[in-house]
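Chemist: Residue numbers (the working numbering), protein chains in the order written: chain A, -11 to 245; chain B, 81 to 339.
Keep in mind the hints are simulated off the structure, nothing from the lab.
Glycine included, each C-beta is placed from N, C-alpha and C at the ideal position.
Do not rely on the hints blindly, as some may be mistaken.
Claimed, not checked - Here's a subset of chain B near chain A, in silico, CB distances under 10 Å, partners left out:
#, residue
1, T112
2, E153
3, N154
4, L164
5, V165
6, L173
7, G185
8, P186
9, G234
10, I235
11, M238
12, I261
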Amino acid sequence: MLLHIGAFHLDIDSQGATLWHKLAPHTRVLCVLLMVFAIALTPNGRWWTWLVYSVGVLLLILFSRVTLAVLFQRVAVEFVFIGVVILGALFQNQGDVLWSWGYLRITSEGLTALGSVALKAFLSLMMVNILVLTTSVSHLLQALITLKTPWLLVAIMASMIRYLSVLVDEFTSMRRAALSRNLMSSPGWQRLVVGNMIGSLFIRTYERGDRIYHAMLSRGYTGTPTVLKVPKMTKVDKFIVILTVIFLVFGQSLYFP
Amino acid sequence: MHHNPVFIEELAYIYPDGTKALQGINLKIKATERVALVGANGSGKSTLLLHFNGILAPQSGKVMIGPYSVIAENLKDIRNFVGLVFQNPDDQLFMPTVWEDVSFGPINQGVRGADLTHRACHALDAVGLEPSYYGSRNSNNLSGGEKKRVAIAGILAMKPQVLVFDEPTAQLDPRSRRQLIQFLTTLPQTQIIATHDLDMAWELCDRTIVLSRGQVVRDGPTEAILTDGEFLEQHDLEIPLCYRRPYCLLADAPHTQSA
């Protein structure tokens, strides 16, 4: 039901010893963020820029030695979700009309927009999935803290990751109990019952959150962050970040007047 | 070690919906005592336990935990003094890995570096879990017994003087239950154990407090209380199994007892 989240072993390639793995987690997150921003902020139609960036993504795949099958499977699943949203970019008003049906008009501008947005989405998804495949969750969270993300936000994310599987288990046992009492008798009834289950899950989650908060208080939690040690940026880290910035600017420079 | 770790006088607590959870609770617990807190469902055990480490402040009456009264300024010291192990270990293991969970308490106490590593290792060793193997494991993938042990390790790492357990043997298989009982006998700290497992209370605790409908109805030696069948039945409890059937073979059963 929850597709690849169900496996909950997201970082299968994180035990490598490549140059990419040797970088500190916050350097990796920073590079990926910079790439994603550069890819996303490139205006529509700049195909050469994206070609250069895709060479970068390919090089990263080669350097980090990720499992290609898993990478493409995950990107495919995510792209299906995004594809539905992207489809809206196809219907623009400007440009030469190629095909029309009532109010819907597919124009050349629309095609450019769709192609650009799809390519942006694809490249960004590849970058982010490579990061998640090669970095463990605790390293990712630590990297976010190092990059000055508000501590409370990161703590909320950590709790979410910890408890998502617990919630999935609870929902599964509720569903099993309902099936044992003949849930499948009619679709309308099923919708009603599943709706009630989700509502019940919300209440249970709220009460659980209360109990967890008491447990945290009992162990001295005061709401202030407890960060142990912030790893410093080594020379290699700084070099890689600067290299990434130069690469991104080069990609953009292809369209400088 | 403080000689009188828990002192409660005329404690009362009413839930926001008006239900009287506790009324006129008076109790004094001495250092190194092991006390069982028994009572039917809804008798106020869990509410009373939450008063021991200041999660609930007394609405009326007085609660002294060691030298500290339960006020906002003392909460940090109170929570270092009393370690509360909750009933459901899933509520207590809230960090992604076992190591982070066990070090959560000491980190909040200000322990760092080699000291922190030592404390966490020591706590995991004490509960019988290998630190190098269990340290990096995800809390979600452990068995019920292992989760309970990690929860206890997380509290032991804070080095409290008083340990409070809410139903420690609930949901444990017989072997894990036996291991837990043996483990609790080795701990030197003062222990307060809220439990339905009257056989464990008999085995572990010299003193028993019986709660019924929010009031302390009896407080005294375990053997005297847990053999008083009439009294126990009056308060929705019963004589523990080990006393009711002290024979091993059915052939040795007394003739007057019904099947």
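Chemist: Hold the hint about G185 (chain B) up to the distance rule: shortest CB distance to chain A must be less than 10 Å.
Modeler: holds (4 Å)
Chemist: Was the hint right that G234 (chain B) lines chain A, CB cutoff 10 Å?
Modeler: Holds. Min distance 7 Å.
Chemist: Grab the minimum C-beta distance from M238 (chain B) to chain A and call the hint holds if it beats 10 Å, violated otherwise.
Modeler: holds (7 Å)
Chemist: Tell me if the interface restraint on T112 (chain B) is satisfied: Cβ within less than 10 Å of some Cβ in chain A.
Modeler: violated (22 Å)
Chemist: Using the nearest Cβ pair, does I261 (chain B) come within less than 10 Å of chain A?
Modeler: Hint on I261 (chain B): violated, closest Cβ of chain A at ~23 Å, above 10 Å.
Chemist: Against chain A, is N154 (chain B) within 10 Å by beta-carbon distance?
Modeler: violated (13 Å)
Chemist: Given L173 (chain B) as an interface hint, is the shortest Cβ-Cβ distance to chain A below 10 Å?
Modeler: holds (8 Å)
Chemist: Can you verify the interface hint for P186 (chain B): is its Cβ closer than 10 Å to any Cβ in chain A?
Modeler: holds (9 Å)
Chemist: Any CB of chain A closer than 10 Å to the CB of I235 (chain B)?
Modeler: Result: holds, 7 Å to nearest chain A Cβ.
Chemist: Hey, does the E153 (chain B) contact hint survive, CB to chain A under 10 Å?
Modeler: Not OK, violated: E153 (chain B) not within 10 Å of chain A, min 13 Å.
Chemist: Restraint: L164 (chain B) near chain A, CB-CB cut 10 Å. Satisfied or not?
Modeler: holds (5 Å)
Chemist: Verify the interface restraint on V165 (chain B): the C-beta must sit less than 10 Å from at least one C-beta of chain A.
Modeler: holds (9 Å)
Consistency with the previously given hints fails for numbers 1, 2, 3 and 12, ordered from lowest to highest.
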